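Chemist: Each residue of the sequence shown is one higher than the one before, starting from 1 at the first, in the numbering used here.
No wet-lab data here; the hints were simulated from the structure.
Predicted model only: the values in this text are computed from it and were never measured.
Please note that the accuracy of each hint is not assured.
Said to hold, decoys possible - Once the Cα atoms are required to be at most 20 Å apart in a straight line, the calculated SDA-like pairs of lysine to any residue come out as:
hint : residue 1 : residue 2
1    : Lys115    : Ala84
2    : Lys86     : Lys116
3    : Lys49     : Met71
4    : Lys31     : Arg51
5    : Lys79     : Ser44
6    : Lys86     : Glu57
7    : Lys43     : Asn91
8    : Lys43     : Asn4
9    : Lys28     : Asn4
10   : Lys78     : Val6
11   : Lys75     : Arg51
12   : Lys86     : Glu27
13   : Lys49     : Val63
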Amino acid sequence: MSENIVLVQALAELAYSIALADGELEEKEKKAFNQIIESELGKSAWTAKNRFAILEERITPNVEQSYKFAMFAIKMNKKDFSPAMKQKYINVIERIAASIEGLRNTEKTLIDRFKKEVEMI
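Throw the hints in and build the complete structure from the sequences for me.
Modeler: Listed below in structure tokens is the structure:
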């Protein structure tokens, strides 16, 4: 799947914010992110993995910053943000959130917020 690079990076930002929503980024979450991104994005996975690594190693934004960047990128690239891509984003973030000890309330809140906001795009 070949997609808009900005949207793939936005997915990484969104996944990062979901993984960080419970207060810390666990090694298991990083591993789950890599596996899930590989299975969902195929050849485009490297872009998301790279962005996730940069966020973790160099930028370390907070949950809200990551979320807002992702939403800004999606809105600015909405012509490429198809219903299929929207569903893929939801699948990815739900799988990442559920990958470690199930879905936590903070993660669910952020996912629900995302679902509500993307419906308006």
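Chemist: Taking the hints in turn, state whether each one holds.
Modeler: The hints, checked one at a time:
1. For the suggested pair Lys115 and Ala84, the alpha carbons sit about 14 Å apart, so the restraint of at most 20 Å is met.
2. Distance hint between Lys86 and Lys116 is fulfilled; the C-alpha atoms sit about 12 Å from each other, no more than 20 Å.
3. This hinted pair checks out: Lys49 and Met71 have alpha carbons roughly 18 Å apart, not beyond 20 Å.
4. For the suggested pair Lys31 and Arg51, the alpha carbons sit about 15 Å apart, so the restraint of at most 20 Å is met.
5. Only pairs whose Cα atoms come within 20 Å are accepted, and Lys79 paired with Ser44 is accepted, the gap being roughly 19 Å.
6. Restraint check for Lys86 and Glu57: the C-alpha separation of about 27 Å exceeds 20 Å, so the hint is violated.
7. For the hint pairing Lys43 with Asn91, the CA-to-CA distance comes to about 18 Å; that is within 20 Å, so the pair holds.
8. Among the hinted pairs, Lys43 with Asn4 is consistent with the structure: their alpha-carbon atoms are about 12 Å apart, no more than 20 Å.
9. A C-alpha spacing of about 28 Å is found between Lys28 and Asn4, which places the hinted pair above 20 Å, so the restraint is violated.
10. The hinted pair formed by Lys78 and Val6 meets the criterion: a straight-line CA distance of about 11 Å does not exceed 20 Å.
11. Proximity of Lys75 to Arg51 is assessed by CA-CA distance (about 19 Å); at most 20 Å being required, the pair is judged to hold.
12. For the given pair, Lys86 sits about 27 Å from Glu27 by alpha-carbon distance, which is inconsistent with the 20 Å threshold.
13. Straight-line distance between C-alpha atoms of Lys49 and Val63 comes to about 18 Å, which keeps the hinted pair within the 20 Å bound.
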